[in-house]
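Engineer: Below are the chains, spelled out letter by letter.
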Amino acid sequence: MTSPLTTNQIAWRAAQDIEDGAYVNLGIGLPVRVAQFQPPGREAIFHSENGILGFGAAPAPGDEDWDLINASKKSVTLKPGTAFFDHADSFAMVRGGHLDVAILGAYQVAENGDLANWSTGPRGVPAVGGAMDLVHGARRVAVITDHLTRKGEPKLVHRCTFPLTGLGCINRVYTSHAVVDIEDGRFVLREKLADLSLEALQAITGARLHIPGPVGELTAPEV
Amino acid sequence: MDKSLPDLAAAVAGIEDGMSVMIGGFGGSGAPIELIHALIGRFLATGHPRDLTVVNNNSGNGHVGLAAMIEHGMVAKLICSFPRSADPVVFTEQYLAGRIALELVPQGTLAERIRAGGAGIPAFYTPTSYGTDLAAGKPVAEFEGRHYVQERWLKADYALVKAETGDRLGNLTYRMAARNFGPLMCMAARKAIVQVARIVDPGGIDPEAVVTPGIFVQGVVEVADPAQEEALNRAGAAYPGAAA
Chain A
1 MTSPLTTNQI AWRAAQDIED GAYVNLGIGL PVRVAQFQPP GREAIFHSEN
51 GILGFGAAPA PGDEDWDLIN ASKKSVTLKP GTAFFDHADS FAMVRGGHLD
101 VAILGAYQVA ENGDLANWST GPRGVPAVGG AMDLVHGARR VAVITDHLTR
151 KGEPKLVHRC TFPLTGLGCI NRVYTSHAVV DIEDGRFVLR EKLADLSLEA
201 LQAITGARLH IPGPVGELTA PEV
Chain B
1001 MDKSLPDLAA AVAGIEDGMS VMIGGFGGSG APIELIHALI GRFLATGHPR
1051 DLTVVNNNSG NGHVGLAAMI EHGMVAKLIC SFPRSADPVV FTEQYLAGRI
1101 ALELVPQGTL AERIRAGGAG IPAFYTPTSY GTDLAAGKPV AEFEGRHYVQ
1151 ERWLKADYAL VKAETGDRLG NLTYRMAARN FGPLMCMAAR KAIVQVARIV
1201 DPGGIDPEAV VTPGIFVQGV VEVADPAQEE ALNRAGAAYP GAAA
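Chains A and B, in that order, give the protein sequences.
Those letters in the first sequence? Residues 1 to 223, by our numbering.
Those letters in the second sequence? Residues 1001 to 1244, by our numbering.
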């Protein structure tokens, strides 16, 4: 049977939907990998919450400038056309609806579009960063994630049980097994692994998958 | 007018017990390490200031800068968005032991609360955090069919900020992404104290290039070759002295 997509392949699949010239914010962790898989000929402009628009890839080790980091606090580089701005302007870009795409990680995504990705409960040190801002504002807010938790539990659920990041905010989910849109409070299946049966996919999904149209084949190159 | 200060000790001399202090920076970029260490130095010599409320995006990293302030017990409360880091042991231990209070604020809301504090806007509505635990107890209103949460301004007694070039009138430029919260915190604090790599005479900064106008700044102190938190931590530094 077809293997589930690796995390890099999930990021690759998400990158195929980003248009040339789109303004894009990639969340810390897995989502930042999306940047390296842009199709040839397309170039998005990446936004970083700490006040950079249009930054480039990581520098060679030893060439880091620690005044030039992204939201993950990793060293990045300048590109022609980079702009710097303060934090209020940065989140005006976010909340003001100026970003085209935001891609986030998730603990759980619910069929009503709710996202839980900042806390798994009251233990430890809570931290939220920009996640609650990013889910409000971008024209498309997508999640990339494995289809199941490490314990084998569905991450696509009827209703989130972890603390919410935002309500009704997610448009599309890219997983290791499927591409699912959220429309009218329902999961709508768009793509799935070729020889994964609908029944098998439904069995590892925590809410009903609706299939109003054709379902494409989810594939990605070795990356 | 001359807002330049003779040294770091003079720059932090006015900060007293129980005050609120905004500290610029996002992680290490823009962290005013020398100003923070001068404040710690005063605390170690005199026992003051203590019981501070600190506003920063993070909670420090390693054993220098803000983390060292927390480690030495100067901070009673932290207002921040992301109190985690690569080396978060100092804040984590004090928080879990109940020795430091935390007010967790979404990052964009934190920035806008500080901006509002500096702009004379006591409250505003934002979509951020609606329906989540972080909106608990806050007024909600509907505008054009969407729900928004009321958030209040954030002001402080002092801001400690790192900039690149400052003139004697307090006009500032920043260096790359080290700008982050600096311009907002200068606006929101009663006294904004800024360390700059270079102090120039008025006219030394192109008026078109000024990021923070001097009206928001009360003091500038020159630190010619400022330390980077990331570089200090990679070298295993601690303030003062070697890591335990």
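Certain hints may be false.
In silico EDC-like links for lysine to aspartate or glutamate, alpha-carbon gap of 20 Å or less [said to hold, decoys possible]: (1) A:K73 with B:D1087; (2) B:K1155 with B:D1051; (3) A:K79 with A:D65; (4) A:K74 with B:E1103; (5) B:K1155 with A:D65; (6) B:K1155 with B:D1002; (7) B:K1155 with B:D1087; (8) B:K1138 with B:D1017; (9) B:K1077 with B:D1017.
Rather than coming from a laboratory, the hints here were simulated on the basis of the structure.
As the structure is a computational prediction, the values presented were derived from the model and not from experiment.
Engineer: Work down the list of hints and note, for each, if the structure agrees.
Structural biologist: Against the structure, the hints come out as follows:
1. A:K73 with B:D1087: At roughly 13 Å apart (the allowed maximum being 20 Å), D1087 of chain B and K73 of chain A satisfy the hint.
2. B:K1155 with B:D1051: Measuring from Cα to Cα gives roughly 17 Å; hence the hint holds.
3. A:K79 with A:D65: The given pair, whose Cα atoms are some 14 Å apart, holds under the 20 Å limit.
4. A:K74 with B:E1103: At roughly 26 Å apart (the allowed maximum being 20 Å), E1103 of chain B and K74 of chain A break the hint.
5. B:K1155 with A:D65: With a Cα-Cα distance of about 31 Å, the restraint between K1155 of chain B and D65 of chain A is violated, given a limit of 20 Å.
6. B:K1155 with B:D1002: Given pair K1155 of chain B, D1002 of chain B is violated - Cα atoms ~25 Å apart, limit 20 Å.
7. B:K1155 with B:D1087: violated, 29 Å
8. B:K1138 with B:D1017: violated, 30 Å
9. B:K1077 with B:D1017: Cα-Cα ~13 Å, so holds.
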